[in-house]
Each structure stands twice: as structure tokens, then as C-alpha cells.
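Asker: Chain by chain, the residues:
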Amino acid sequence: MGPAVYILSALTTLLCAVLLLLGYARARKRLLLWSGLCFAGLTVSNLLVFVDLIELPAMDLYLWRLGTAVIAMALLLYGLIWEGR
Amino acid sequence: MHQGSATPEEIYRFIFGEIDTVPHLEALLLLWNSRPKKWSEEELSQRLFITASAVAEVMQDLVRRNLIAAETSSRQYWYEFRSEEKERLIEGTARAYQSELIRISTLIHSKASSAVREFARAFKITKQKE
Amino acid sequence: MLKIEMFLLGVLAAASITAGVFFLRFWKDTRDLFFLAFAASFIIEGFNRVGLLLSERPNEGSPWIYLVRLLASLLILAAIVHKNYGRNA
Chain A
1 MGPAVYILSA
11 LTTLLCAVLL
21 LLGYARARKR
31 LLLWSGLCFA
41 GLTVSNLLVF
51 VDLIELPAMD
61 LYLWRLGTAV
71 IAMALLLYGL
81 IWEGR
Chain B
1001 MHQGSATPEE
1011 IYRFIFGEID
1021 TVPHLEALLL
1031 LWNSRPKKWS
1041 EEELSQRLFI
1051 TASAVAEVMQ
1061 DLVRRNLIAA
1071 ETSSRQYWYE
1081 FRSEEKERLI
1091 EGTARAYQSE
1101 LIRISTLIHS
1111 KASSAVREFA
1121 RAFKITKQKE
Chain C
2001 MLKIEMFLLG
2011 VLAAASITAG
2021 VFFLRFWKDT
2031 RDLFFLAFAA
2041 SFIIEGFNRV
2051 GLLLSERPNE
2061 GSPWIYLVRL
2071 LASLLILAAI
2081 VHKNYGRNA
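Residue numbers (the numbering used here), protein chains in the order written: chain A, 1 to 85; chain B, 1001 to 1130; chain C, 2001 to 2089.
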């Protein structure tokens, strides 16, 4: 049950990323680009959590999981702060 | 098709739906009033009191909404006839803006930023118009 | 938990809650419940990260943590469905 949640989470963030980046291609608003990239990064992070939970690789993914999520959120905050004009 | 000049409600809907900021409106009306004069970004920047990069973004938004014409190589913009409907609406908006500048500015400022609206719109994948 | 891991969790918690507050503002500006759902999703995920900070590492497999993540995902999915098929779609 636990790992499956992170697959659902990854699919959700992937959907958001795709819709936002398509929206950016259409309307060219920077907020959509940065938030789309954020959700793409969160998708990677979610997938890494899943992989880590089912204990596939030998190495410890914890910092990678956190690091990708931090970078993703930084992109989102950058977009949110600069969107209002 | 509609006859006569645009009604206040049509003008309201046009501004609410198509005009993102006051510079957008003033740029559109400037080009409309001076049609078919072609404007460069520097001329627009001086006339509208906004920076050159802001001008570029505003004009590209207007082009994308099919309100004005542009030549990308020389970065020139001008008003070009698109449809009877648009002529009516812009003509009505120009008149309204002359007499009700404050109300229209307030209307434009009351909209959430277009980036935010586009964010929500990006998630609308079914057919009905938002 | 290593110091760097705790630090990153703290950053994530703060960033998620901040993003949630931005979405609250968008909800206030647009009156679109869509943004409220995103706000709720990010804010509860922010608090979820705080929860992780207070427990052993790494345990995203623990039920409390992943149920909150499930809720956060469902909120976003519900918002998207509502935007397309809901009353005001």
C-alpha cells in the first residue's frame, strides 16, 4: 500500500507537469513554465521514493529524494514570486 | 451578425476576456487610433511609458490574441482588420475608454493576473469554453 | 538523521507551506476553488514533512506519512476533475 501511494503521487505530479508545460507552450506565461518544471521534479522525487521503498538499488537514495524535491520547490517559488506583474 | 455599435456588456466582456493590463489596452487603442501606421518597439515604449522589454511582451500577447498584426523580423506592430466583430468591439472600447477611463482601469485591475488564470486554464482539458 | 537531511526536510516544509500560501492568495483573487485545493495539498504536505522531521529516517513507508501524501495527491486530482466535470466547469 505504501509504495503504491508514491506511484499515484508520481502520476498526479506528472499529469500536472504535462498540463502546465503544454499550457506554457500555448500561453507563454512564465508561471506555467516554472510550476510545470516543479511538478516534473516532484515526479522524479516521488519515483525515487517508490524505488527506495521497494529497495531496488543498493545505494541510499534519501538525499536524492530530498534534493530533487527541494530543487523542484525552489523552481516553483521562483515562479510564484515573480509572476505578479 | 451584430449591427450598430457594441453594447456596454459586450465591451465589458471583451475587456474582461481579452485585455490583461492597462498597457495592453492602451497599446491596442494606440494602434487602433493610428491605423494602419506601423510602430516599432522603441516608439511604442516612448508613447506608452513602459520599458522596451515590457513592450515586447505586451505586443506579443496582443498578437497571440489575434488583435493586432506584427512583423517579427523588423519588430513592428500595427492594427489590421481581422473581423467586423473585433472592429465593433475595439471601436466601442476606444469610445468607452475616453469617457470612463477610471472604471475601465479598475475593471482591468480587478482581474487576477493573467498568469494565474492561465495556470487554472491549463488544467481545463474538456471542451466547454471557460 | 543526518543534519543535511533534517535541513532539507525543513526547507521542503517551509517551501511547501509558502507555496500553499501563494495558492491561497490565488484562490482569494480568483474565487476558484481549484486553487484552494492546491493550497490545501501543499500545506498539508508541508506539515507532513515536519512530521518526517520528528521521526526516524527514512520512513516515507510509515502509514501516517503516506496516507497524508495520498490525501495531498487526491486533493489535486479532485481539483482537476472538478475543473473539468464539476458544476462550474
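Keep in mind that the hints were calculated from the coordinates and are not lab data. Idealized CB from N, CA, C, for every residue including glycine. One thing to keep in mind: the hints can contain errors.
[Said to hold, decoys possible] Have a look at the derived ranges for each label pair, beta carbon to beta carbon:
1) B:1008 <-> C:2028: 19 to 29 Å
2) A:51 <-> C:2007: 18 to 28 Å
3) C:2051 <-> B:1017: 38 to 48 Å
4) A:59 <-> C:2063: 19 to 29 Å
5) B:1071 <-> A:67: 39 to 49 Å
6) B:1008 <-> A:26: 54 to 64 Å
7) C:2067 <-> B:1051: 17 to 27 Å
8) A:59 <-> B:1046: 24 to 34 Å
9) A:30 <-> C:2078: 23 to 33 Å
10) B:1012 <-> C:2067: 39 to 49 Å
11) C:2050 <-> A:51: 19 to 29 Å
12) C:2051 <-> A:56: 20 to 30 Å
13) A:71 <-> C:2078: 21 to 31 Å
14) B:1017 <-> C:2011: 31 to 41 Å
Asker: Evaluate each hint against the coordinates.
Answerer: Going down the list of hints, with the structure as the test:
Taking 19 to 29 Å as the suggested C-beta distance range, the pair residue 1008 of chain B and residue 2028 of chain C conforms, at roughly 28 Å. Distance hint for residue 51 of chain A and residue 2007 of chain C: a CB-CB separation of about 23 Å, consistent with the stated range 18 to 28 Å. Remark: the range hint 38 to 48 Å for residue 2051 of chain C to residue 1017 of chain B is upheld by a beta-carbon distance near 44 Å. Take residue 59 of chain A and residue 2063 of chain C: their Cβ atoms lie about 26 Å apart, and the range 19 to 29 Å holds.
For the pair residue 1071 of chain B and residue 67 of chain A, the beta carbons lie near 46 Å from each other, so the given range of 39 to 49 Å is met. Separated by about 31 Å at the C-beta atoms, residue 1008 of chain B and residue 26 of chain A break the suggested range of 54 to 64 Å. As the Cβ distance of residue 2067 of chain C to residue 1051 of chain B is approximately 50 Å, the hint placing it in 17 to 27 Å is violated. Roughly 60 Å separates the CB atoms of residue 59 of chain A and residue 1046 of chain B, a value that falls outside the hinted 24 to 34 Å.
Hint check: residue 30 of chain A to residue 2078 of chain C, Cβ distance near 27 Å, so the stated range 23 to 33 Å holds. Range check, residue 1012 of chain B to residue 2067 of chain C: Cβ separation about 47 Å, and the 39 to 49 Å hint holds. Between residue 2050 of chain C and residue 51 of chain A the Cβ separation comes to about 24 Å, which falls inside the hinted range of 19 to 29 Å. For the pair residue 2051 of chain C and residue 56 of chain A, the beta carbons lie near 25 Å from each other, so the given range of 20 to 30 Å is met.
Between residue 71 of chain A and residue 2078 of chain C the beta carbon distance is about 27 Å. The supplied range of 21 to 31 Å therefore holds. The beta-carbon spacing between residue 1017 of chain B and residue 2011 of chain C, approximately 40 Å, falls within the hinted interval of 31 to 41 Å.
Hints 6, 7 and 8 from the earlier list are contradicted by this structure; the remaining hints agree with it.
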